[in-house]
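Listed here are the chains, written in short residue letters.
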Amino acid sequence: MKATFLSIFIGIVLMLSACSNSSTNSKEAANEAQEKSLTFLFNFPTSTLDPHQDDNSTTVRAGITETLVKLNEDLELEPWLASEWKAIDELTWSFTVQEGVLFQDGTTLDAEAVKQSFERGINVSESMKAALKLESISTDGNSVIFKTTQPLPAFPSELTHPHTSIVKVEDDEKLRTAPIGTGPFVVDTFDSEVKVELTKNTSYWNGEPKLDKVTFGFNSDANARAMALQSGEADIIYYLPSELATSLKSDKNIVVESVSSLRTHFISYNMNSSEVADENVRQALDSLFDREAVANDLMGGMAVPAGGPFNPDFPFSMKADPVKYDPSHAKKLLEEAGYKEDNGVMKKNGEPLQLEMITYQSRPELPLIAQMLQSNAKEIGVEINIKSVENIDEYLSTNEEWDIATYSNLTAPRGDVGYFLNSAYSLDGALNIGEINDPEINEILTELNKTTDVEKRNDVGKQVENMTQQKIYQSYIVHPMITVAMNKDVKNYSVSKQEYYLITNQLDVE
Amino acid sequence: MIRYLLSKIIQIIVVLLCLSFLSFVFIKLAPGDPVKAMLDIDEVLITEAEIEDIRSEMGFDQPIFVQYGMWLKQAIKLDFGESYLTNRPVLSEIQDRLQASLELMGGGMLVVILISIPLGVCSAVYQSKWIDHLGRIFSFFGASIPSFWLGLLLIYFFSVKLKVLPFIGNNGAESLILPSLTLGLAMSAVYARLLRAAMLETMNKPYIKALRMKGIREKSLIFKYSLRESMIPVVTMFGMSLGNLLAGAIVVEILFSWPGLGKMVVEAIMNRDYPLIQAYILLSGIFVMSINLIVDLSYYLLDPKLRRKEQRA
Numbered sequence: 001m002k003a004t005f006l007s008i009f010i011g012i013v014l015m016l017s018a019c020s021n022s023s024t025n026s027k028e029a030a031n032e033a034q035e036k037s038l039t040f041l042f043n044f045p046t047s048t049l050d051p052h053q054d055d056n057s058t059t060v061r062a063g064i065t066e067t068l069v070k071l072n073e074d075l076e077l078e079p080w081l082a083s084e085w086k087a088i089d090e091l092t093w094s095f096t097v098q099e100g101v102l103f104q105d106g107t108t109l110d111a112e113a114v115k116q117s118f119e120r121g122i123n124v125s126e127s128m129k130a131a132l133k134l135e136s137i138s139t140d141g142n143s144v145i146f147k148t149t150q151p152l153p154a155f156p157s158e159l160t161h162p163h164t165s166i167v168k169v170e171d172d173e174k175l176r177t178a179p180i181g182t183g184p185f186v187v188d189t190f191d192s193e194v195k196v197e198l199t200k201n202t203s204y205w206n207g208e209p210k211l212d213k214v215t216f217g218f219n220s221d222a223n224a225r226a227m228a229l230q231s232g233e234a235d236i237i238y239y240l241p242s243e244l245a246t247s248l249k250s251d252k253n254i255v256v257e258s259v260s261s262l263r264t265h266f267i268s269y270n271m272n273s274s275e276v277a278d279e280n281v282r283q284a285l286d287s288l289f290d291r292e293a294v295a296n297d298l299m300g301g302m303a304v305p306a307g308g309p310f311n312p313d314f315p316f317s318m319k320a321d322p323v324k325y326d327p328s329h330a331k332k333l334l335e336e337a338g339y340k341e342d343n344g345v346m347k348k349n350g351e352p353l354q355l356e357m358i359t360y361q362s363r364p365e366l367p368l369i370a371q372m373l374q375s376n377a378k379e380i381g382v383e384i385n386i387k388s389v390e391n392i393d394e395y396l397s398t399n400e401e402w403d404i405a406t407y408s409n410l411t412a413p414r415g416d417v418g419y420f421l422n423s424a425y426s427l428d429g430a431l432n433i434g435e436i437n438d439p440e441i442n443e444i445l446t447e448l449n450k451t452t453d454v455e456k457r458n459d460v461g462k463q464v465e466n467m468t469q470q471k472i473y474q475s476y477i478v479h480p481m482i483t484v485a486m487n488k489d490v491k492n493y494s495v496s497k498q499e500y501y502l503i504t505n506q507l508d509v510e
Numbered sequence: 001m002i003r004y005l006l007s008k009i010i011q012i013i014v015v016l017l018c019l020s021f022l023s024f025v026f027i028k029l030a031p032g033d034p035v036k037a038m039l040d041i042d043e044v045l046i047t048e049a050e051i052e053d054i055r056s057e058m059g060f061d062q063p064i065f066v067q068y069g070m071w072l073k074q075a076i077k078l079d080f081g082e083s084y085l086t087n088r089p090v091l092s093e094i095q096d097r098l099q100a101s102l103e104l105m106g107g108g109m110l111v112v113i114l115i116s117i118p119l120g121v122c123s124a125v126y127q128s129k130w131i132d133h134l135g136r137i138f139s140f141f142g143a144s145i146p147s148f149w150l151g152l153l154l155i156y157f158f159s160v161k162l163k164v165l166p167f168i169g170n171n172g173a174e175s176l177i178l179p180s181l182t183l184g185l186a187m188s189a190v191y192a193r194l195l196r197a198a199m200l201e202t203m204n205k206p207y208i209k210a211l212r213m214k215g216i217r218e219k220s221l222i223f224k225y226s227l228r229e230s231m232i233p234v235v236t237m238f239g240m241s242l243g244n245l246l247a248g249a250i251v252v253e254i255l256f257s258w259p260g261l262g263k264m265v266v267e268a269i270m271n272r273d274y275p276l277i278q279a280y281i282l283l284s285g286i287f288v289m290s291i292n293l294i295v296d297l298s299y300y301l302l303d304p305k306l307r308r309k310e311q312r313a
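Chains as they are written, first to last, in our numbering: chain A, 1 to 510; chain B, 1 to 313.
Hints were generated in silico from the structure; no laboratory data involved.
Possibly wrong hints are sitting among the right ones.
Below are the BS3-like pairs computed for lysine-lysine, each with C-alpha atoms no more than 30 Å apart in a straight line [to be verified]: (1) A/K36 - B/K161; (2) A/K213 - B/K161; (3) B/K73 - B/K28; (4) B/K28 - A/K210; (5) B/K163 - A/K252; (6) B/K73 - A/K252; (7) B/K163 - A/K129; (8) A/K488 - B/K163; (9) B/K161 - A/K488; (10) A/K86 - A/K462; (11) A/K491 - B/K163; (12) A/K174 - B/K77.
From a predicted model like this one, the values you see are computed outputs, not experimental measurements.
Can you make the complete structure from the sequences, with help from the hints?
Structural data, given as structure tokens:
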């Protein structure tokens, strides 16, 4: 109570002082006019800047820390803090640390510092410990030698994950509020869940940053972000829903840009369901999705129809054309599966075809996709009941009584073909919600997991994709787009498919 | 008075124990898995076996009573464990956000006091006059506008159109104005009506009429006698609102990038960050019950009859 009265009192004083604040602010603004600054408003707030623990990858996004390997605009792996890497044997990788890179406190980035950063990372992050499967880390001159407990051909791609960012190892509290990395911007102040204020790193190894100051702010409400751009509180705002993008496009001072993301909205089928375990039924349902309509009508043009699990720009994407909406073909397939139309209802052995579809609200377009399938299926006499659940993973792993489920995933967040195919199709994969167990796929996945050569990996990956697509274990619907709106004075910013390196040394304002 | 206080405190402890146990059980029974969130299963290749290993490492395979016992043993020592997601002590996480929540709560309450007391008193004194009608219209809109919409309207008007007030984050006094208004306006509407009704009732009481006939000035009748008595229902509700304000300002916190407790707990629930949720429930329980205790005690200050009763007993 005491604290409350104190806050009320402080509130009064502060409100009164607010009146006089505006004049000082304008003076400060005049002083800062020579400095080039920019405010970037991101959608996910974070309460920590510790790159090994922050699930929102803020430090890499805001240009504070960097990773050994980076995903470039062509969605290929590119040397970054590591100038090169090679596999010594199937368990050992050697990464050469880039020459001439300094930490933001002026000390040199060397193999020892990289080793310490990794050791600390796997110590605090369960997910990195599980993903990297490291047996030991050692150094050899300017190289870091990683030994894994099992063959991990995707190891270089795993090192694009922001949790593997290289930081100067210090105490946890310092890492939480002001980590020292090698990126183009240095943390000035961090206001948990509100913003990070950054100043340029004049000794940045890849060229001096063009901006003097950057504010990397957070706001998870899309309307508020759009208004922040309109009011001048933000220069770039990340992630916009289609309806807001359309209204912002009409403002001549604002530029709106979109690019298809690495995410895929898809449908999973339950292999334990007697109905959808039939390949013909899955094929039929697959051709009942009107992917063009989902992209253009449901998502206002903010998505592209998907022809496979991966964004078509990846070198390992099988680049198939999206399946066309074809209800008569669907009906034919159902007839092949033994269903016959009876009074407008598809029946087998007198039983109508009724399916249970599970969806969830946290991605608003998914329930709409479910409804669209429901209505398209009804036209050919198939009944689909939709059930919306709060926690999809939990529901699907504890319930057997479902046939179809909507899902959404970043299918290749680190530019390797292996993550999604293993997660979704191997029997032990954490995302294999439909309990797919196909001996042919298992065999070829084993081969994929032994293949280190990138081109060969991509080819084997494509084979898996083709097999999964032929058997329709999942129906890939659309790749949603990332939409970014910015003030027209912003220079050298274009929306990138990789969502990690957002603030760069090239970013500028007029 | 002391006996009353002691019995209240014992009650509070019993209620808190029940609260902590029930919340512990319900959180554990609710669907969701913190291990999956910790392991980033939707971004990192993990096998089911690895998930199981960590689950047993964290003691999730133990019976629920054992888990609660372990938690309680630590909690008594004021050690609420560490957040699963950030590995920081839960108390530090809460402490970091408490200040922002209190500031917002203070701002909101200030708006409530500044609007509802004058409006409530004037509506009662000038019953059926224009100010009473105005108060009624204000209350009607205030109570029916959802706070996210009111917030967006305020942002649109003051930040986008007039460009006079900032709204993102906590950059000093100016940035407290819009969230406080959003939070306080809707509540003021309810308080103003409540105070008006209480004032009307009090002002019609025989002793006020008697005082008026004795020639006591109207001003003292209103402020010294009627307002004081009419504050009892208002203070009761104020106590309840404080609890709501501390936890329920989520929409406002999201809209204005305000790093408060409401937003923290929603995120904790999404990620099934049990230690954080559990500590939050317990601490809000303590907070709400202490406020109720203070409210009870404040009746003594507001109502002389209660004090006399106590002296007689």
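Hints versus structure:
1. A/K36 - B/K161: holds, 25 Å
2. A/K213 - B/K161: Measuring from Cα to Cα gives roughly 26 Å; hence the hint holds.
3. B/K73 - B/K28: At roughly 18 Å apart (the allowed maximum being 30 Å), B/K28 and B/K73 satisfy the hint.
4. B/K28 - A/K210: violated, 51 Å
5. B/K163 - A/K252: Within the cut-off at roughly 18 Å; holds.
6. B/K73 - A/K252: violated, 62 Å
7. B/K163 - A/K129: With a Cα-Cα distance of about 48 Å, the restraint between B/K163 and A/K129 is violated, given a limit of 30 Å.
8. A/K488 - B/K163: holds, 19 Å
9. B/K161 - A/K488: Measuring from Cα to Cα gives roughly 19 Å; hence the hint holds.
10. A/K86 - A/K462: Cα-Cα ~24 Å, so holds.
11. A/K491 - B/K163: holds, 24 Å
12. A/K174 - B/K77: Holds, because 27 Å separates the two Cα atoms, which is no more than 30 Å.
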